[in-house]
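Visitor: One-letter residues, chain by chain:
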Amino acid sequence: MDKIGNYIIPAVIFIIIIFGFIKKVPVFDAFLSGAKQGLKATYMMAGALIGLITAVSMLKASGALDLITNSLMPVAQSLGFPAEILPMAIMRPISGSGSTALLNQILKDHGPDSTVGMMASVISGSSETTFYAIAVYYGSAGVKKIRHTIPAALLADFASAVMAVLSVKLFFGG
Amino acid sequence: MMNYIWGGIMLISIVCAVFTGRVEAVSQAALDGAKSAVDLLITMLGMMCLWTGLMNIAEQGGVTSMLAKILSPLLKRIFPEYAKDCKTMHAICSNVTANFLGLGNAATPLGLEAMRRMEENNPNKGVANNSMVMFVVLNTASIQLIPTFISVLRKSYGSASPLDILPCIWLSSIFGLFIGILTAKLLEGREKHG
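Chains H and V, in that order, are what the protein sequence lines are. With our numbering applied, the first sequence closes on residue 174, and no number is skipped along the way. With our numbering applied, the second sequence closes on residue 1194, and no number is skipped along the way.
Simulated from the structure, these hints should not be mistaken for laboratory data. Predicted model, so just to flag it, every value in this text is computed and none were measured. Among these hints, one or two may not hold up.
Taking lysine to aspartate or glutamate pairs in the EDC-like style, the calculated list, with each CA pair at most 20 Å apart, reads [stated by the list, open to error]: (1) V:1155 to V:1120; (2) V:1069 to V:1085; (3) H:144 to V:1188; (4) V:1125 to V:1081; (5) H:145 to V:1120; (6) H:145 to V:1188; (7) V:1035 to V:1085; (8) V:1185 to V:1024; (9) V:1069 to V:1113; (10) H:144 to V:1113; (11) H:144 to V:1120; (12) V:1084 to V:1113; (13) V:1076 to V:1032; (14) V:1035 to H:29; (15) H:108 to V:1032; (16) V:1076 to V:1113; (17) V:1035 to V:1024; (18) V:1069 to V:1081; (19) V:1087 to V:1119; (20) V:1155 to V:1081; (21) V:1125 to V:1188; (22) H:108 to V:1188; (23) H:36 to H:113; (24) V:1125 to V:1113; (25) H:145 to V:1113; (26) V:1155 to H:66; (27) H:145 to V:1039; (28) V:1084 to V:1039; (29) V:1087 to V:1120; (30) H:40 to V:1039; (31) V:1185 to V:1081; (32) H:144 to V:1032; (33) V:1155 to H:113; (34) H:145 to V:1119; (35) H:108 to H:66; (36) V:1076 to V:1120; (37) V:1084 to V:1119; (38) H:40 to H:29.
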């Protein structure tokens, strides 16, 4: 797994540049305008992330986060989840920056390569901010009745969270 | 919603701190939290820009429309109501590919266009039809070739190889999407005339 991981980034860069040359893309100009978008995206999320990471740090320091985690322990155990990742998994469909702040705390407390850190990363990477997407897409089209969207979308989130925990256990042990 | 969540977290922390006698730790956390958020943003900024820059090269080379072509037969089966509507299908395909490549900035406007077109040809205005539900479910799942943000975040916390978890992410997101599509298909029949 380690070896493949090392090759992904150089391989992707190589393929993209070769592809760009073949398609006669002005590669550096295209890179610059893309990088500017990355700058803008990071700038856009800065405020929310500062606010929420601060809030989660306070929640952790006050002992409230551990209290919440402990009270979720029975639910977590019945699902086979580590209790630490449950608050983040619950936050994931509601708020992108909120769940990022919680993930950030998990990575800080347990390390990114711990089982808990990996599970939390997989959950975060394999789902979207469901309620935000629903609000934006239906809102812009002027659709009021959304029928079975929410049950289907939330069940999908739940399924991917379960698979996240299982696959980390399967591939990395723990 | 976020107003209550954010405000709630702050208030709970402070109340809890008073009861457990950790006011000092919380006040320190408020200052450190803000600082560590900025440190994180700065660490991530370079890697995010590198990636969005590279993806823009691929985008300008027409990789989105190439992938969209490959995906279109599959997507026509998922959206039978719009299979013959070229412009709508094109918007749907482009949205799905942009999401797949992690081009969030490009994906959202394409998705909104697809939704507008679907609503235009929707006989029952204001009520989501089966394809619209399916499309939103597709957009609430996250099928991404390389989940950049997570990789960058893991890297900034010193992960030895942040891309190790890629197979897990692919597996989980595909499984989630599969369950989402299945649920949508199962539920749509029952509410067909609703």
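Visitor: Each hint: holds or not?
Guide: Against the structure, the hints:
1. Restraint check for residue 1155 of chain V and residue 1120 of chain V: not satisfied, since their Cα atoms lie roughly 45 Å apart, outside the 20 Å limit.
2. For the hint linking residue 1069 of chain V to residue 1085 of chain V, the alpha-carbon distance of about 15 Å falls within 20 Å, and the restraint holds.
3. A distance of roughly 17 Å separates the Cα atoms of residue 144 of chain H and residue 1188 of chain V; the hinted pair therefore holds under the 20 Å criterion.
4. For the hint pairing residue 1125 of chain V with residue 1081 of chain V, the CA-to-CA distance comes to about 15 Å; that is within 20 Å, so the pair holds.
5. With a C-alpha separation of about 15 Å, the suggested pairing of residue 145 of chain H with residue 1120 of chain V holds against the 20 Å cut-off.
6. For the suggested pair residue 145 of chain H and residue 1188 of chain V, the alpha carbons sit about 13 Å apart, so the restraint of at most 20 Å is met.
7. Note on residue 1035 of chain V and residue 1085 of chain V: the hinted pairing is violated, with a Cα-Cα distance of about 51 Å set against a maximum of 20 Å.
8. For the proposed pair residue 1185 of chain V and residue 1024 of chain V, the alpha carbon gap of about 54 Å is over 20 Å, so the pair is violated.
9. Taken as a hint, the residue 1069 of chain V and residue 1113 of chain V pair is honoured in the structure, with Cα atoms around 18 Å apart against an allowance of 20 Å.
10. As the CA atoms of residue 144 of chain H and residue 1113 of chain V are separated by approximately 17 Å, the hinted pair is consistent with the 20 Å bound.
11. Taking the CA atoms of residue 144 of chain H and residue 1120 of chain V, the gap is near 14 Å; set against the 20 Å cutoff, the hint holds.
12. Restraint check: the Cα-Cα separation between residue 1084 of chain V and residue 1113 of chain V comes to about 17 Å, which is no more than 20 Å; the hinted pair holds.
13. The suggested pairing of residue 1076 of chain V with residue 1032 of chain V is violated, with an alpha-carbon distance near 51 Å, which exceeds 20 Å.
14. About 34 Å separates the Cα atoms of residue 1035 of chain V and residue 29 of chain H, which puts this hinted pair outside 20 Å; it is violated.
15. Restraint check for residue 108 of chain H and residue 1032 of chain V: the C-alpha separation of about 13 Å stays at or below 20 Å, so the hint holds.
16. A threshold of 20 Å between alpha carbons decides the hint, and for residue 1076 of chain V with residue 1113 of chain V the separation of about 17 Å falls inside it, so the pair holds.
17. A distance of roughly 17 Å separates the Cα atoms of residue 1035 of chain V and residue 1024 of chain V; the hinted pair therefore holds under the 20 Å criterion.
18. Simply put, residue 1069 of chain V and residue 1081 of chain V have alpha-carbon atoms about 19 Å apart, close enough for the 20 Å limit, and the pair holds.
19. Between the alpha carbons of residue 1087 of chain V and residue 1119 of chain V the distance comes to roughly 13 Å, so the proposed pair stays at or under 20 Å and holds.
20. Simply put, residue 1155 of chain V and residue 1081 of chain V have alpha-carbon atoms about 43 Å apart, too far for the 20 Å limit, and the pair is violated.
21. Among the hinted pairs, residue 1125 of chain V with residue 1188 of chain V is consistent with the structure: their alpha-carbon atoms are about 17 Å apart, no more than 20 Å.
22. Restraint check for residue 108 of chain H and residue 1188 of chain V: the C-alpha separation of about 43 Å exceeds 20 Å, so the hint is violated.
23. For the suggested pair residue 36 of chain H and residue 113 of chain H, the alpha carbons sit about 31 Å apart, so the restraint of at most 20 Å is broken.
24. Distance hint between residue 1125 of chain V and residue 1113 of chain V is fulfilled; the C-alpha atoms sit about 16 Å from each other, no more than 20 Å.
25. At most 20 Å may separate the alpha-carbon atoms for a hinted pair to count; residue 145 of chain H and residue 1113 of chain V meet this at roughly 19 Å.
26. For the hint linking residue 1155 of chain V to residue 66 of chain H, the alpha-carbon distance of about 26 Å lies beyond 20 Å, and the restraint is violated.
27. A distance of roughly 43 Å separates the Cα atoms of residue 145 of chain H and residue 1039 of chain V; the hinted pair therefore is violated under the 20 Å criterion.
28. Between the alpha carbons of residue 1084 of chain V and residue 1039 of chain V the distance comes to roughly 50 Å, so the proposed pair goes past 20 Å and is violated.
29. This hinted pair checks out: residue 1087 of chain V and residue 1120 of chain V have alpha carbons roughly 12 Å apart, not beyond 20 Å.
30. About 17 Å separates the Cα atoms of residue 40 of chain H and residue 1039 of chain V, which keeps this hinted pair within 20 Å; it holds.
31. Between residue 1185 of chain V and residue 1081 of chain V, the direct Cα distance comes to roughly 13 Å. Compliance with the 20 Å bound is thereby established for this hinted pair.
32. With a C-alpha separation of about 43 Å, the suggested pairing of residue 144 of chain H with residue 1032 of chain V is violated against the 20 Å cut-off.
33. With a C-alpha separation of about 10 Å, the suggested pair residue 1155 of chain V and residue 113 of chain H falls inside the 20 Å cut-off, and the hint holds.
34. Annotation: proposed proximity of residue 145 of chain H to residue 1119 of chain V holds, straight-line Cα distance about 12 Å (limit 20 Å).
35. Between the alpha carbons of residue 108 of chain H and residue 66 of chain H the distance comes to roughly 15 Å, so the proposed pair stays at or under 20 Å and holds.
36. About 18 Å separates the Cα atoms of residue 1076 of chain V and residue 1120 of chain V, which keeps this hinted pair within 20 Å; it holds.
37. Between the alpha carbons of residue 1084 of chain V and residue 1119 of chain V the distance comes to roughly 15 Å, so the proposed pair stays at or under 20 Å and holds.
38. Between residue 40 of chain H and residue 29 of chain H the alpha-carbon distance is near 17 Å, which keeps this suggested pair within the 20 Å criterion.
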